Amino acid sequence: MDDPTVSSTAAPPLTGARKMPLRRAGSGAVGDRVFAALAYAAGMLVLVLLGGIILSLLIGGLPAFRAFGPHFLVDANWDPVQQQYGAAVPIYGTLITSVLALLIAVPLAFGIAFWLTELAPAWLRRPVGTAVELLAAVPSIIYGMWGFFMIVPFMSSYVQPFVIDGLADVPVLSDLFQGPPFGTGIATAALILAVMVIPFIAATMRDVFQTVPAVFKESAYGVGCTTWEVMRSIVIPYTRVSVMGGIMLGLGRALGETMAVTFVIGNTNRISPSLFGPGNTIASLVALEFPESPAGSLKLASLLALGFILFVISFIVLAISRLLLRPRAGA
Amino acid sequence: MKFVPTALAITLAGFTAFTAPAAQAQQITGAGSTFGAPIYGKWGEGAKAAIGITLNYQAIGSGAGINQINNRTVDFGASDMPVAADQLATHKLMQFPTVIGGVVVIVNIPGVEADKLKLTGELLADIYLGKITKWNDAKLVALNPGVKLPNLAIAPVYRADGSGTTFVFTDYLSMLSAEWKSKVGSSTSVKWAAGNGAKGSDGVSATVKQVRGGIGYVESAYATQNKLTTTLLRNKSGAFVAPSMEAYAAAASNADWSKVKNFAIDLNDQPGAKSWPIESATFVLLPTDPKDAAQSAAVRKFFDWGFAHGNDMATQLLYVPLPKAVQDAVRAAWAADFKG
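Sequence order for the protein chains is A and B. Going by this note's numbering, the residue at position 168 of the first sequence is 168; the numbering climbs one at a time, nothing skipped. When you read off a place in the second sequence, starting at 1, and then add 1000, the result is the number in this note's numbering.
Source of the hints: derived by calculation from the structure; they are not laboratory data. A couple of the hints might just be wrong.
Far from chain B by the CB rule (all over 12 Å, computed), these chain A residues [said to hold, decoys possible]:
| id | residue |
| --- | --- |
| 1 | ALA39 |
| 2 | LEU45 |
| 3 | LEU173 |
| 4 | PHE182 |
| 5 | ARG270 |
| 6 | ASN280 |
| 7 | ALA295 |
| 8 | LEU300 |
| 9 | LEU324 |
Over 12 Å on every C-beta distance to chain A, these chain B residues come out as not near it, computed from the model [stated by the list, open to error]:
| id | residue |
| --- | --- |
| 10 | ALA1025 |
| 11 | ALA1050 |
| 12 | GLY1065 |
| 13 | ASP1080 |
| 14 | ALA1089 |
| 15 | VAL1157 |
| 16 | ALA1160 |
| 17 | ASP1161 |
| 18 | GLY1162 |
| 19 | SER1244 |
| 20 | VAL1260 |
| 21 | MET1313 |
| 22 | ALA1333 |
Stretches of chain B that chain A covers, calculated by requiring three or more beta carbons in the stretch to come under 8 Å of a beta carbon on chain A [to be verified]:
| id | stretch |
| --- | --- |
| 23 | 1051-1062 |
| 24 | 1184-1193 |
| 25 | 1206-1213 |
All figures in this text were calculated on a predicted structure; none of them were measured in a lab. Think of the CB as a built atom: it goes at the ideal place given N, C-alpha and C, for glycine as much as any other residue.
Next up, chain A with everything else stripped away, as it sits in the complex (with noise of 0.2 Å):
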């Protein structure tokens, strides 16, 4: 994770110097600051394309702002019939299962790291680091199909009756887990939604991992100190902040996932205390309701106002990644 801002801070200088001697002939220098002129267009275009995306869904939105105001937050209301539209279950969907699927992904995702970089056998290295790659790289709506008609059934007939059976008696827990075994719920979400950003944390995990310098290592191991040791001593503290930032890509996915959650979820309207309950997600609610809204009407600006919430909760989340991301001074 260091290379790269090795390189670009040595960048400059270097094109510095290669300006003189290119100079040979006058369409050099037009080539020039034409190319210069493109490459400031394209960086500018992104910008221009991001803040282009916020301000329509901004305004697209607004309608539904100025109906509810800052109610429309907190109002766990969703009726197309009645016109009432509030953002709280898509909200509290979104952040709950996208918060309980790194719950389940980090220490796995961490697992397959630390065995990747210290554990593994040479030659299992690389085939097992491309397969956690190439999990990557599988599209959501496969998740989506694999989790309805695989893990749906194996919950609704295996884990939902047997934990609601064994937790009936349990005071908090038994509020926790509750409900007909649909299969589908909160807690399917989430646990398909574990196995998507495993490839990515676990990814970002292995490579962080490797930039620690072998001689820390080495150094740790001659003074005796054990695998774990070594792990938890030395590379944990030197790549804290990194790992941080890959969990953070990991919930940014999560967060905006959309077609493999509408498969499992229940998509229900209602806030459920149980974690095999049906809910929601601004994603997955978006992408359901987006084909049956009318132009104009106070769903679609509802939907718009959604998409724009869920855009600033990404940029929160992209925006801590990156602060933890930058290389510290002195690290």
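Based on these hints, arrange chain B on the given structure of chain A.
Only chain B this time, still in chain A's reference frame:
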């Protein structure tokens, strides 16, 4: 409303359009209803060969289809839900029905076979309101003396995506249950009181299949193609009818089409001992101020051909063709709206 063959039909239609440029082929564009897409695709193939009109139809959903025709980006829009008269006037559109389809109730109860369980609209409303939660509820048992109903939780499943099927179903429940009408109402998506949502008819039927005690609703053609476990329903005359082409056709012919404006008829809960109680027509929207009169004429010619020669195709795809009198009324409306 969604069909598996939709994509195939459209792809085929698109392919033939590009690969075989017929002499003076006129292309018309339409967008909207996914429910109507298979028959429009089929009619498109037939009409291309017979009268040289190629249809380019995009099944993007009724709401999106209405948006497209309001913006005049296509030659016609298609909607599963009749558009209100004031909206038609504002956007200068005329509306006519094309084909009819039923909506059926499917269940997954161990030991209960297809078309054995009797249900009424009132009980369906209570189930979807979350008031009846067990299959051995006294009301269900009393209605089904011959059927062994287990002590099993009812798991209602509904369409999570905005859908014309949901509109037809919730409209039916609103007609039969005052409580449903006041608490939930009818629309392409509503605020459900109980149950789980699934995406598309395939999602609903798969969820019902997977969850013991599941109940759901899908369009009739989908249930027939996939041999789903349907139920009997009580119609307006008090008779319990099984879903069948005859029952859908009976409701369509027993309906009084003469009294409604813009053909915006509600085919739910029609009289007649053989009538299936939940069904609806799907509609086409046509601008009355067309930018290009030739395109508009081609659209009318296309559907005129569909009415005259496409009824068998509709039946093959498990739609109910419009009654002859209604098709003639549509032609009369064209004549009135497009003079010269």
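How the hints compare with the structure:
no.	hint	in the structure
1	ALA39	holds (36 Å)
2	LEU45	holds (27 Å)
3	LEU173	holds (20 Å)
4	PHE182	violated (5 Å)
5	ARG270	violated (8 Å)
6	ASN280	violated (8 Å)
7	ALA295	violated (5 Å)
8	LEU300	violated (9 Å)
9	LEU324	holds (36 Å)
10	ALA1025	holds (30 Å)
11	ALA1050	holds (32 Å)
12	GLY1065	violated (9 Å)
13	ASP1080	violated (10 Å)
14	ALA1089	holds (16 Å)
15	VAL1157	violated (9 Å)
16	ALA1160	violated (3 Å)
17	ASP1161	violated (4 Å)
18	GLY1162	violated (3 Å)
19	SER1244	holds (29 Å)
20	VAL1260	holds (22 Å)
21	MET1313	holds (26 Å)
22	ALA1333	holds (24 Å)
23	1051-1062	holds (count 3)
24	1184-1193	holds (count 9)
25	1206-1213	holds (count 5)
When the structure is compared with the earlier hints, violations turn up for hints 4, 5, 6, 7, 8, 12, 13, 15, 16, 17 and 18 and for no others.
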